[in-house]
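So the sequences go chain by chain: X and Y. If you're matching positions, the first sequence starts at 0 in numbering that gives the first Met the number 0 and goes up one per residue. If you're matching positions, the second sequence starts at 0 in numbering that gives the first Met the number 0 and goes up one per residue.
Among the clues, some could well be false.
Derived DSS-like pairs (lysine-lysine); straight-line CA-CA distance at most 30 Å [claimed, not checked]:
no., chain 1, residue 1, chain 2, residue 2
1, Y, LYS215, X, LYS165
2, X, LYS261, Y, LYS75
3, Y, LYS183, Y, LYS215
To be clear, the hints were calculated from the coordinates, so they are not data collected in a lab. Please read all numbers here as calculations on a predicted model, not as lab measurements.
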Amino acid sequence: MPEVNASQLLQLDLDKRRNKYIKQILLALLGCSCLILLGLQAGSYEHSVSELLDVIKQKITGQELQDQQRIQWYIFSELRAPRIVMAIMVGALLAMSGCAMQGLVRNPLADPGLIGISGGAAAAAATALLIINHHPEYALGGPYLIAGSAFAGALLAVWIVLKVAKTPAGLAITSLILAGVAVNALAGTHIGAINYIANDDALRQITYWTMGSLAGISWAKVLFVGALALPVIAMFIHLRQPLNMLALGENEAQCMGLDVSKYKRLTLWLVAFSVALATALCGIIGFVGLVVPHICRTLFGADHRYLVPACGVFGGGLMLVADISSRSLFPPLEIPIGIVTSAVGAPFFLYLLAKQKGKLSGV
Amino acid sequence: MFNIDNLSVSYSQQQILEKINLQVNSRDFITIIGENGCGKSTLLRCIAGLHSEFTGNIQLDNKELGDWSTKALAQKRAFVAQSNQVYFAFLTEDVLGLGRANRAETNQYTTTLICQVAEQVGISHLFGRDVRTLSGGERQRVFIAKALLQLMPDMNDAETQQPFNGKLLLLDEPTSALDFRFQKATMDLMQRFCEQGLAVICVSHDINLVLPYATKTLLLANGRCLAQGPVIDVITEDNLFKCFGVRPRLIPQDNAIPFVTH
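Start from the sequences, fold in the hints, and give me the full structure.
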């Protein structure tokens, strides 16, 4: 029977493609491991992997560390290891959010910041920084206050956007994007006003915060983010087939048996939560959510079954690269990581815009 | 199986559909004919469950349409829209696979179905192609195939003689982008599936193409049903004049279905 042969051939083809993609993802994971090793060595204090291994071995076997080794151990365990883990988690969260956002609005140029998340977070964080600056008695709880406010601000912004875009028939994507633009503008005005009244010290802190940074990441923060990020990442992976269906249009997805309004809401809140979490702890890190899905689409095609996990791995990897660059480009100076990602991301975004000029009508 | 009773739809005080009654059974091939903007697509969208702001009743297997879960409904009816946009670089086989996305079945079974339907719809040669680069007609056939896949039986019922019994396919201008050959091929295919139990509701402006296949015709004008029933009763000069405002010429043919021309 000709059909049987054809179906065997197609199955062979599909299997081959899946194996290729799995191999690529495994390779990327291997690349990430190399980056982790590099990240442990690089920075204003350089030490080799073998030195580091010696220190870890001695620590495990309970041997006394020398002074030099004690510094190495401290840099490894308290400074570099937590920020590397954080970089991977934040990169994965941002990239998967970007991928989900682009799938949801069916536009490859969408970014999670589009719906006001980063704007809301920055406005709230700036407010918190100003308050702390004026009331030194709050300084002790400062980092928590800033992170908490940023998180709340991000979610508030998304809530407003969702409220505006809600129609009886579900969320209207065009209104969603326009409301996001308005909320971002409002947040910009708020930040502008705060900058105007803030003193030099507060102004510097606000500016530094909005540039994003992985400095000062502790294990406590890593554990906190990890506990929240892992279920979110699992949910993103669960979304891969619904995102495929949504890519054909909402009516089409509804007809194929997807509860469209439920999945739209779920996707948006997941994106909002992830970006709010990342922004609250690390400040604004732009362009990862935009650029990584693009890179992955060129390697893995449009199928979200591969794209979503690939974005997680590549997002983590890209953040590692950005982190290593931020620490080692101008030692002992550390460039805020948001500057590194924007410096690479913005030109890439322009390149994409130029390349896709003709295809932007489908928003 | 589908029972539409007194269906009315209005948008901001404008009546789109008024008191439509329609009974759809297995093996029916129903064509809906009417002028632009008379409510044909809205009627299809209501039956598809995409538009829930209506008065009256739409029942599927004696259960209100709104009480069906999205997933269960997807296995009972499929919808091919007028325009089919794809926003990312999906391959033909990826899009077809989405027709089976909600089923618990082996990859092997899915692939067999995909190949079987692709062969019948004549799109096997499009495997591996980015759907966005296909011509309008090719893409339309891919979406027709996907809709058929959505209605194909589960693995356990694979051997049944009437795989489409109790299932409905809604087509909104399915042949508008198709060439001369595939217009007829697609209609013939629909008829073959009707013999296997499928019910089809087809909105089309190509009256002469669809009439020979129709078991029932519904003539819509300004949201109201002008006439419905067998083709020879409905397609009369007077009815068509009332519907379109121009007097047609009906040329008698051997198969008793008149050929409609200006």
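Taking the hints in turn, this is what the structure says about them:
Between the alpha carbons of LYS215 (chain Y) and LYS165 (chain X) the distance comes to roughly 40 Å, so the proposed pair goes past 30 Å and is violated. For the hint linking LYS261 (chain X) to LYS75 (chain Y), the alpha-carbon distance of about 21 Å falls within 30 Å, and the restraint holds. A threshold of 30 Å between alpha carbons decides the hint, and for LYS183 (chain Y) with LYS215 (chain Y) the separation of about 19 Å falls inside it, so the pair holds.
The earlier numbered hint that this structure contradicts is number 1, and it is the only one.
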